[in-house]
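> For chain A, the structure is supplied; the task is to place chain B on it using the hints.
Chains as they are written, first to last, in this note's numbering: chain A, -1 to 547; chain B, -7 to 305.
Just so you know, not all the hints are guaranteed correct.
Unchecked claim - Here chain A is said to cover these stretches of chain B; the calculated rule only asks that three of the stretch's residues, wherever they fall, bring their Cβ under 8 Å from a Cβ of chain A: (1) 23 to 35; (2) 46 to 59; (3) 86 to 93; (4) 97 to 109.
Hints listed in this document are in silico derivations from the structure and should not be mistaken for laboratory results. From the three backbone atoms N, C-alpha and C, an ideal C-beta is built for every residue, glycine too.
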Amino acid sequence: MTASTTTIYRARRIVTMNPSRPEATHVAVREGRILGTGTLEELTGWGAHVLDDRFAGKVLVPGLVEGHSHTMEGTFWRYVYVGFFDRMDPDGKVWPGTKSIDEVLARLQQAEAKLTDPAAPLAGWSLDPVYYGSRRVSRHDLDRASTTRPIGVLHASGHIMNVNTRSLELAGLLRKGVEHPGIPLGEDGLPTGELRGPDAMMPVGPHTGFDRDVLACDELGLRNFAKLCVRKGVTTAADLANLLPQDAVEMMSRVTAEPAFPVRIVSLRRFINLTPRQFIERALELRAQSTDRLRLGIMKVVADGSIQGFSARLRWPGYYNGAPNGLWYVAPEQLRETFELALAHGIQIHTHTNGDEATELVLDTLEAALQKHPARDHRFTLQHCQLADAAQFRRMKALGTCVNLFPNHHFYWGDQHYAMTVGPERATRMNACATALATGVPLAIHSDAPVTPLGPMFTAWCAVNRRTASGRVLGEHERIGLADALRSITLGAAYTLKLDGEVGSIECGKRADFAVLEDDPLEIGAESLKDVRIWGTVQDGRVFSASEL
Amino acid sequence: MSAPVPVTIIGGYLGAGKTTLVNHLLRHAGSLRLAVLVNDFGDLPIDADLIEARGEGVISIAGGCVCCSFGSDLMGALLKLAQLDPAPGQVLIETSGVALPGAVASAVRLVPGFALDAVAVLADAETVRERAADRYMGDTIEGQLAQADLIVLNKLDLVTPRERVDLVTWLAGRAPKARVIEAARAQVPLQVLLGSGVGNGSARQVGNLRAAAIQPPEDAASLYESVSFFDMGPLQVHALAQELARPELGLVRAKGVLRDAAGGLKVLQVVGARYEVTDAPGSPRETAGCVCIGLKGLLDRSGLDRLFERAHA
Chain A
-1 MTASTTTIYR
9 ARRIVTMNPS
19 RPEATHVAVR
29 EGRILGTGTL
39 EELTGWGAHV
49 LDDRFAGKVL
59 VPGLVEGHSH
69 TMEGTFWRYV
79 YVGFFDRMDP
89 DGKVWPGTKS
99 IDEVLARLQQ
109 AEAKLTDPAA
119 PLAGWSLDPV
129 YYGSRRVSRH
139 DLDRASTTRP
149 IGVLHASGHI
159 MNVNTRSLEL
169 AGLLRKGVEH
179 PGIPLGEDGL
189 PTGELRGPDA
199 MMPVGPHTGF
209 DRDVLACDEL
219 GLRNFAKLCV
229 RKGVTTAADL
239 ANLLPQDAVE
249 MMSRVTAEPA
259 FPVRIVSLRR
269 FINLTPRQFI
279 ERALELRAQS
289 TDRLRLGIMK
299 VVADGSIQGF
309 SARLRWPGYY
319 NGAPNGLWYV
329 APEQLRETFE
339 LALAHGIQIH
349 THTNGDEATE
359 LVLDTLEAAL
369 QKHPARDHRF
379 TLQHCQLADA
389 AQFRRMKALG
399 TCVNLFPNHH
409 FYWGDQHYAM
419 TVGPERATRM
429 NACATALATG
439 VPLAIHSDAP
449 VTPLGPMFTA
459 WCAVNRRTAS
469 GRVLGEHERI
479 GLADALRSIT
489 LGAAYTLKLD
499 GEVGSIECGK
509 RADFAVLEDD
519 PLEIGAESLK
529 DVRIWGTVQD
539 GRVFSASEL
Chain B
-7 MSAPVPVTII
3 GGYLGAGKTT
13 LVNHLLRHAG
23 SLRLAVLVND
33 FGDLPIDADL
43 IEARGEGVIS
53 IAGGCVCCSF
63 GSDLMGALLK
73 LAQLDPAPGQ
83 VLIETSGVAL
93 PGAVASAVRL
103 VPGFALDAVA
113 VLADAETVRE
123 RAADRYMGDT
133 IEGQLAQADL
143 IVLNKLDLVT
153 PRERVDLVTW
163 LAGRAPKARV
173 IEAARAQVPL
183 QVLLGSGVGN
193 GSARQVGNLR
203 AAAIQPPEDA
213 ASLYESVSFF
223 DMGPLQVHAL
233 AQELARPELG
243 LVRAKGVLRD
253 AAGGLKVLQV
263 VGARYEVTDA
273 PGSPRETAGC
283 VCIGLKGLLD
293 RSGLDRLFER
303 AHA
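Only chain A is shown next, with the shape it has when bound in the complex (with noise of 0.2 Å):
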């Protein structure tokens, strides 16, 4: 196909998302943009084209948007699967869930028979042992899958990690008087294996293959990503913690400028070791670096913890389970400098919040700061932000942010915060999509894949259904409608990047970006959403065949 080409796709329906016209058989490609849609005689007014009928038995939708995942999704494949769910690789494989510590413990023997370096480490990832029943993991199960070489397996929740005896040992933990909050002793006076916290983990991260520096940032793993994406039916991706030095953003504008690369990637840069100033001085050189497929320029606070890991700042009356309050990872100070600064120079921030206090200080911070700096259409986004309440979502009306949701969150982990970390009226408010979309705040919806695997479909059932691992609907009220959260995961998502002007629906202009998939999401219901099968994308009029890649 030569760039000057027109290509009109038929397919068996093509659910737009324009609002002028929701549904056509036909869309016509030129250049990588769309030229319109709707039926074959309109198209045909543009012109010589190429009728393709290969997708004449499927349904397209915009290109997914993915607002909040990490490229780690794809470097974490590398290690070994142990999930209680099933999940699908980058190949396509889909691992099924290990249901007992015993299959765990199969699956890394299985891995560890494969390895010919006698001191290789063995690595596994997404743990979860909340499912095993109450006793936990120690370095004695991991044993039996080696005693000479280092294990370590990080739990689902990215926060705990099940070490061996010899990752104990090298990382000079094998002895008594371990003293800290985040490694437990057993009975023996020496550490079980459990390290709690990224301090507890750290002394073992070399050893057992789970290097910051490689995790941060990797060319595999940018690829292994994309390959998942074309497999979820994501065409534009938000990476949204990455350090972005400056070899980082090199690496990532020549890997996805590769003609085959298949995905627009929104890398956020975290701020961290920087001041107020340099951050958004930092902000500028980077929007300047953007390139098709590599986006940068968005930035990235953190305000708190995690929920789950009892670390998110939370208001009156805190914890269910009484659990002291969490922590803060920025001052009130500087989250001010930094949102006067990024108003000031026209610097989009996205702010993790998971708890209602860590929500209720960026809107405090930010409705001073626009006292100082009025901004119109600023899009700040409220990442995760959980515990909102509705009052909360009136003030974002208010000052004009927007929201990315996470809804996976009921799933996987809903049953422990109805019965622990929320306690049950919280928890039926947590990610309130349908609190979000009756104030009018912008919405979209996330997996913060590896936390919860990348696949905005699942996604969307889980905020159509609410549904906990256990089957118990969470919040029957803050379901929302299937259309919605369609919406939500194109449109609404690439709002928050400021891309809904070029993807996120089926309109002339707008780049060809398509979600190609075997099952018509209107017509499956509710009920199956996640089991829509994705025939693979198109990407800026490129097309990427899921059984090809």
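The following block gives chain B in isolation, referenced to the frame of chain A:
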């Protein structure tokens, strides 16, 4: 085995004077090789006239000191320091303004080759009470104070004598175990804040201790006094350390190399209410001594005399 490098954590909220304190200590480090770890190089953490050279993530400072940024990897930064030759004599970690120093202390304890010396938290005399009442930051500020061994109550030149008394009372309620060091412009004698200021636990220990006993703490000599004990026989070192940590003695810090009842040499360290007794590295034939530092007029000299007398094994 070489002695672990002592680590002092310098915490406190934004604007309390952490950077000023670090620069003050660097200026008065003498022959002590300080390694400073700061969260980031955002605002240049070191006074320009102290800097010899700047590299990627490292600033070289006059007198063989260095300053490195640790970002999100404190442990990695400590492990890099361990590879320096010669090794630093003392590490200072300047935490971020919202960090809880107790968590940093726990992390330091996990890194081989380093030992926690003290958690010092700065409090801005002008603003600390207002900050502690802040709806968002209040519990963080209180947590920082409660986790301190030493609280440097800074900027006292900016408050009235009456406010000063109120503040000390208020701090006693927030951090009953901490010793309060009063300061203006973060001018705190090195020997008060750093254990290595009164010797590093090596074979040169006693010489250092004697030197420290003879030289009164610099700068604020009028604020502090010290008492030294030398040439003693075997002592009940653990019991002594426990006693020295009691608040009534007015002791801020004590450090010594003492012979225990079994004849072994032990390093005794007391910082505020925290004490530690460890095996002394180096030659076991060294004679032993101990330096005790406290606020002038508050140090109970006769009480200390009695304690050391009673501690004889």
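> Hint by hint, say whether it matches the structure.
A quick look at each hint next to the structure:
no., hint, in the structure
1, 23 to 35, "holds (count 5)"
2, 46 to 59, "violated (count 0)"
3, 86 to 93, "holds (count 4)"
4, 97 to 109, "holds (count 6)"
Comparing the model with each numbered hint stated earlier shows that hint 2 is the single one that does not hold.
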